[in-house]
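Visitor: This is what each chain is made of:
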Amino acid sequence: MINAALREIPEYIKGYGKVKPFEGAFKNINKAQKANVSLNCKSSNDDKVVSSIEEVLKKCGIRDGMTLSFHHHLRNGDYVLNMVMEEVARLGIKDIKVAASSIFPIHEPLVELIKSGVVTGIYTNYMSGPVAQAVSLGYLKYPAIMHTHGGRARAIESGDLHIDIAFIASPACDTYGNINGVEGRAACGSLGYAIPDAMYADRVVAITDNLLPYPLCPIEISQEYVDYIVAVEEIGDPKGIVSGTTKITKDPVGLKIAKLASSLIEESGLLKDGFSFQTGAGGTTLAVAAYVKEIMKRKNIKGSFAAGGITGYIVEMLEEGLFTSLFDVQCFDLKAVQSYRDNKNHQGMSASMYGNPHNKGAVVNMLDVMILGATEVDTDFNVNVTTGSDGFIMGGSGGHSDTAAGAKLSIVTTQLIKGRLPIVADRVTTVTTPGETIDAIVTERGIAINPKRKDLIEKLKGSKLPIMSIEELKNLAVKITGIPQRYENNGKIVGVVEYRDGTVIDVIRQVQ
Amino acid sequence: MEIKRIAKCGTFESNDIYVIVEPNSDGGVEINLESIVMKQFGEQIKKTIDETVKSFGIKSIKITAKDRGALDYTIKSRVETAIKRAL
Amino acid sequence: MKLRRSMLFIPGNNPGMIQNAGVLGADSIILDLEDAVAVTEKDSARILVRNAIKTLDFYNSEIVVRINPLSTDFGFEDIKEIAKVKPHALLIPKATEEDIKACDDILKRIEEYERFENNHIKLFPLIETAYGLENVYNIIKASDRVEGVLLGAEDLTADLGIKRTREGEEIFYARCKVASACRAFRVDAIDTPFTDLNDYDGFVEDIKKAKSIGMTGKAAINPRQIDTIHDVFAPSKEEIEYAKRVMKAQEDAKREGKGVFSLDGKMVDAPIIQRADTILEKAKLSGLL
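Protein chains in written order, with UniProt numbering: chain A, 1 to 512; chain B, 1 to 87; chain C, 1 to 289.
Hints are computed from structural coordinates only; laboratory data are not their basis. No residue lacks a Cβ here, since even glycine has one placed at the ideal position from N, Cα and C. Do not take every clue at face value.
Claimed, not checked - Across the chosen pairs, the derived CB separations fall in these ranges:
# : chain 1 : residue 1 : chain 2 : residue 2 : range
1 : C       : GLY265    : A       : LYS272    : 39 to 47 angstroms
2 : A       : GLY373    : C       : ASN222    : 21 to 29 angstroms
3 : A       : GLY373    : C       : ALA270    : 55 to 63 angstroms
4 : C       : PHE76     : B       : ILE6      : 25 to 33 angstroms
Generate coordinates for the entire structure from the input sequences, incorporating the hints supplied.
Guide: Structure representation (C-alpha cells):
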C-alpha cells in the first residue's frame with residue numbers, strides 16, 4: 001500500500017506484524033490510552049541492593065524472548081548495555097529484544113549477539129556504527145524498529161513497546177534506588193530518556209558505579225520505580241559521555257547556511273520577546289544559535305526558553321539572560337551538566353514531556369523555531385536522517401520528527417551538495433520526517449519555503465533572501481553534480497521507521 | 001599521443017580525485033575506478049575520464065582513479081594533468 | 001560602478017574550496033596560483049583553475065586569478081592557459097611597469113586570437129616591493145587594463161626589512177601612496193589582508209584605518225572576514241542620511257533656480273555633491289537603500 005508520505009509499504013511485515021500506515025502528521029493525536037503496569041511491591045524488610053548482574057537477571061526472571069531496555073545518556077561512553085548483554089548471553093538466554101533509546105559505535109559487541117541469535121530484535125531512535133551496519137546488512141532476525149524520541153515514550157506508555165526489564169545506567173544512586181545524573185565520575189546531567197522506561201517497565205534495575213547512602217539529593221528517578229540496584233566498577237567512559245565542548249563550525253559554507261537561517265528566523269517575525277528555540281549539537285546548527293544570539297542582543301530581545309539536548313553554548317545564552325529557562329532532556333557537554341546541576345532555571349524534562357504526541361501536551365508544541373539537519377531532502381520536503389544515500393542506517397529521527405511537528409517554524413539547514421551528492425533530490429532513500437511538518441530548507445545556494453506555508457511566503461515577499469522553489473533548488477544542485485543514477489532496492493525489510501504516533505512512515509531494506 | 005611513463009595527479013581530499021595513468025601493455029583504454037559515490041555516479045565518472053582521454057587522441061592507457069566526490073571539472077583537470085605529465 | 005570591497009583569496013589547487021567560492025558573498029574571488037600552490041603542482045592548479053572558470057557559476061563574485069610572477073617559469077604559462085577562459089582580471093605579483101606592459105601585450109594577442117573584445121581582461125598589479133611602491137603611478141599608467149592595485153604588506157615590509165605590526169604604522173606611507181595614486185587614475189585601492197583570524201577587534205581597526213586613508217577595499221584570506229569588511233566599508237546610516245539631504249537640497253535649489261545653496265549653514269559645492277552621490281550609489285549596491 002501507499003502511505004501518506006507516498007511510500008510503498010507492505011500491509012504485513014514478517015517479524016513486525018500488521019502495518020498501520022502513516023496517515024499524516026496530525027491525523028492520529030486526539031485520543032490515547034496508557035498501559036497498566038504490574039509491579040512487585042517492597043516491604044520495609046526488603047533490600048534492593050544485589051551483588052551482581054547475573055543475580056539481578058535471575059531475580060528479574062530473565063528468560064528467552066524478553067525485551068530489555070537501556071537509555072543512551074552515556075552515549076558513546078556507555079558500558080552498561082554491553083555489560084548486561086554479555087551476562088545475558090553467558091546465561092544462554094536467546095531471542096532478546098534490545099530497546100535502547102540510541103545505539104552507538106561502542107555497542108559493537110551486540111553484532112556478535114545478533115549473529116548468534118541472543119539478540120533478535122532492536123527498538124531504537126538512533127543508531128550508528130557497527131550495529132547499524134549489521135542491521136543494514138540483514139543480520140538481525142526481525143526488522144529493527146526505529147522510533148522518534150517522543151514516539152518511543154508514546155510506545156512505552158501505551159504498551160506498544162512493553163519492557164520486561166529496564167536497566168538504568170545511574171551516575172549516582174542511593175541504596176534504596178533514588179537516582180540522579182549529576183554526580184559521580186560518569187555524570188551526564190539530565191536522565192530524560194530513561195524516565196518512561198523507569199515508569200512502565202515490569203522490572204527496573206539501577207546500574208551504578210556510585211552507590212551512596214540513603215537518601216540521595218537531588219532525586220531525578222525515584223525509589224518508587226526501582227526494584228534492584230547493582231554496583232559495578234564503571235558504568236561508562238567520561239570521555240565518550242560528554243564529548244568535551246561542542247564547537248561552532250568554522251566551515252565557511254556551514255557559516256553561510258547558518259547566517260541565512262538566522263536571517264530567515266529574523267524575517268519570519270517569530271524572533272521577539274518570548275521567543276523559544278531549539279537546535280541540535282551539530283556545528284552548523286550551533287552556528288545558527290550564535291547568529292540568533294547576535295540578533296537577540298542587537299535588538300534587546302528576551303527569549304522564553306530553549307529546549308532539547310543542551311550544549312554549553314545554549315547554557316551561555318541562558319546565563320546572559322537571553323532565555324529565562326531551559327528544558328533539558330540530555331546534556332551534550334560538561335558545561336551543560338554543571339548548569340543542569342546548579343541553575344534552577346535549567347530544568348529537566350522526560351522524553352514524554354519533550355516530544356510524546358499522546359500526552360496532554362509536549363514541550364515541542366511550545367517551540368517557535370527548530371533548527372534541524374538532513375541527510376537528504378526530497379521535493380515534497382520529506383527529510384531523511386535515518387539512512388545514508390548508500391542505504392546504510394547511520395542515524396535516525398531522535399527528536400527530529402517530534403520537533404518538526406511541534407515547532408511553529410521548522411528549518412532544515414543543510415549543504416546543497418555533499419561530496420558530489422545532491423542533498424535535495426526527487427526522492428529520499430528513507431523518509432524519517434514528513435514534508436508537511438517542514439517549513440523551510442536553507443542551503444548555501446538558496447532557501448525553499450514549503451508551499452503550504454502561504455503565510456510565511458507572504459511575509460517574505462520583498463525579502464532579499466535567496467528564496468526559490470524546491471524544484472529550482474534541486475535543479476541547482478543537479479546542474480553542479482550531474483543526475484545521480486537511480487537504483488531500486490527490493491531487498492528484504494531490515495528496518496521499520498515508525499512515525500511518532502506509531503504508524504509506519506517507511507521501511508528500510510537490506511543493503512545489496 | 002602516447003603514454004610514456006607512470007604519472008599521478010590529485011589528492012585524497014574530499015571533492016578531489018587521485019589519478020594514476022600508465023602505459024597499457026594490453027592496448028586500449030582501461031579504467032579502474034573506486035568512488036565514494038560509485039552507485040550514483042560511477043558510470044558518469046568513467047565516461048568523463050574516457051572522454052578526456054579520447055580528447056588527447058590516446059588509444060592505449062591504464063588509469064587508476066580513487067574518487068572522493070569530485071565534480072566533473074575536477075575529474076577532467078586531474079586526468080588532463082596526469083596525462084600531460086606522462087607524455 | 002562595481003563594488004569591490006572584498007577580494008577573497010582561494011587556493012588554486014583545492015577543488016572543494018573553489019567550487020564553493022561563489023556562495024561566500026565576496027565581491028571578488030582571487031583564485032591563487034602563486035603562494036597557495038606548491039612548485040610541483042603549478043601545472044595541475046593551472047588546469048584546475050582554468051576548468052573551474054569554464055564550468056562553475058560564481059554568482060555575483062567577479063573572478064580574478066593571481067598568476068605566478070613573470071620572472072618565474074610559470075607566469076607566462078599561467079596567462080596563456082587562463083586568459084583563454086576569460087577571467088575578469090589577472091593579479092600580477094611583484095608587479096613592475098615592464099610586467100604590466102608585457103601582460104598587456106600578450107593579453108592583446110590572446111584576445112585577438114580568441115576573438116574576445118579588446119581590453120576585456122583587466123589587470124591588478126600587486127604592490128609588494130619598495131621598487132613597485134615608489135613606481136606605483138607608472139605601473140597603473142602602463143595599461144588601460146589596470147582596474148585597481150592591491151597592496152601586499154607582508155612582502156613589502158620584508159623587502160623594507162621592517163617588522164609588520166598589529167597597528168600597521170609601518171605601512172601608513174604605503175597605504176597613502178597607493179590610495180593617492182589609485183585615486184589619480186580612478187582605480188580601486190585594495191588593502192593588504194589582515195592575517196590574525198582570532199583578533200576581531202584588531203581586524204576592524206585595521207579596516208577602518210585603511211578606509212580612512214582612502215583605500216577602497218580589502219583583501220581577505222578567510223571567508224569569515226568578508227562580512228566585517230563589507231560592514232566597515234558600507235556607508236554609515238549618518239552618511240546616507242546626510243547624502244540624501246544634500247541631494248534633496250540640490251533638487252530644491254535647482255527648482256528655485258539657485259546656483260549655490262547651503263545645508264545646515266554650510267556651503268554645498270561640487271565635491272560635497274559628488275561625495276553624496278558616491279555614497280548613495282555605494283549604499284544602493286550594498287543593499288542599504
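Visitor: Would you mind marking each hint as holding or not holding in the structure?
Guide: Each hint tested on the structure:
Between GLY265(C) and LYS272(A) the beta carbons are some 42 angstroms apart, a value that agrees with the proposed interval 39 to 47 angstroms. One distance hint, 21 to 29 angstroms for the beta-carbon pair GLY373(A) and ASN222(C), holds here, with the actual separation near 25 angstroms. Remark: the range hint 55 to 63 angstroms for GLY373(A) to ALA270(C) is upheld by a beta-carbon distance near 56 angstroms. Range check, PHE76(C) to ILE6(B): about 29 angstroms between beta-carbon atoms, so the 25 to 33 angstroms window is met.
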